[in-house]
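Number of protein chains: 2
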Amino acid sequence: MKQVIVVNAALKLPRGKLSAQVAHASLASFLSSQPNLQQAWLEVGMPKVVLSASNEEEVLGIYKSAQGANLASQLIKDAGKTVVSAGTITCVGIGPAQEVDINKITGSLKLIV
Amino acid sequence: MKQVIVVNAALKLPRGKLSAQVAHASLASFLSSQPNLQQAWLEVGMPKVVLSASNEEEVLGIYKSAQGANLASQLIKDAGKTVVSAGTITCVGIGPAQEVDINKITGSLKLIV
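If you read the protein sequences in the order shown, they are chains A and B.
Under numbering that gives the first Met the number 0, the first residue of the first sequence carries the number 0, and numbering increases by one thereafter.
Under numbering that gives the first Met the number 0, the first residue of the second sequence carries the number 0, and numbering increases by one thereafter.
Derived by calculation from the structure, the hints in this document are not laboratory data.
You may find that some hints are simply not true.
Chain copies aren't distinguished; within one or between two, either way the pair holds.
Restricting the straight-line Cα-Cα distance to at most 27 Å, the calculated cross-link-like pairs of lysine-lysine (DSS-like) are [to be verified]:
no.: 1; residue 1: K1; residue 2: K63
no.: 2; residue 1: K1; residue 2: K16
no.: 3; residue 1: K1; residue 2: K76
no.: 4; residue 1: K76; residue 2: K16
no.: 5; residue 1: K63; residue 2: K103
Kindly generate the complete structure, drawing on both the sequences and the hints.
Quick look at the structure:
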């Protein structure tokens with residue numbers, strides 16, 4: 000079990016903003032997943048990985064792939080009050096789900112640094 | 000309603016690691032809060048703020064203050080597999096709770112940049 004959050008790296012968000020958006024994606028995706036998957040993930044300590052996508056189009060494509068695979072996923076758009084324009088896609092949360100299922104979609108992405 | 004995550008800035012965590020720890024704190028604190036506060040916070044769009052503390056002692060003090068005020072709060076220690084030593088306190092999540100209650104504890108802290 001794991002959860003993956005894929006970030007729109009083109010935005011080059013500052014650390015605090017990035018962290019808040021990733022947390023938002025993590026919680027939203029968790030809340031949209033099935034109770035048995037939620038429970039299984041909590042029991043193993045909520046492992047999560049933050050990966051990088053090149054731009055908004057890539058994030059959107061990953062979201063659509065996750066939806067097509069029936070994985071819990073939530074696209075996060077910023078409210079636009081501070082750093083970026085309203086409606087900008089900042090990241091997508093996928094899972095918690097089985098690692099093998101998530102890896103089919105995000106397996107080629109790199110860790111954010 | 001809001002949630003605050005206070006980060007141990009002394010660790011100078013890389014962006015991906017920081018984001019994952021903040022997400023962990025956000026979700027853990029959410030799950031430990033009362034259902035009526037969870038619901039009220041979800042209804043206003045889960046507002047959250049990421050703040051900075053100077054070191055582990057300050058993060059621990061904030062956690063104790065939150066516990067003393069009966070606010071939902073969760074101290075996050077790293078598993079130590081990657082960037083920092085096992086057991087290192089990386090951050091604390093507080094709330095969701097009423098803003099006035101959280102501000103009594105974290106009102107003097109600065110946004111992380």
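Evaluation of the provided hints:
In the homo-oligomer, the alpha carbons of K1 and K63 lie at most 27 Å apart inside one protomer (19 Å), although the nearest pairing across protomers, at 30 Å, exceeds that limit. For a Cα distance limit of 27 Å, the shortest separation of K1 from K16 qualifies both inside one copy, at 23 Å, and across copies, at 15 Å. In the homo-oligomer, the alpha carbons of K1 and K76 lie at most 27 Å apart both inside one protomer (22 Å) and across protomers (18 Å), since each shortest distance falls under that limit. Taking the closest pair of Cα atoms, K76 and K16 come within 27 Å of each other both inside a single copy (12 Å) and across two copies (22 Å).
Only within a single protomer do K63 and K103 lie at most 27 Å apart by alpha-carbon distance; the minimum there is 13 Å, versus 42 Å between protomers.
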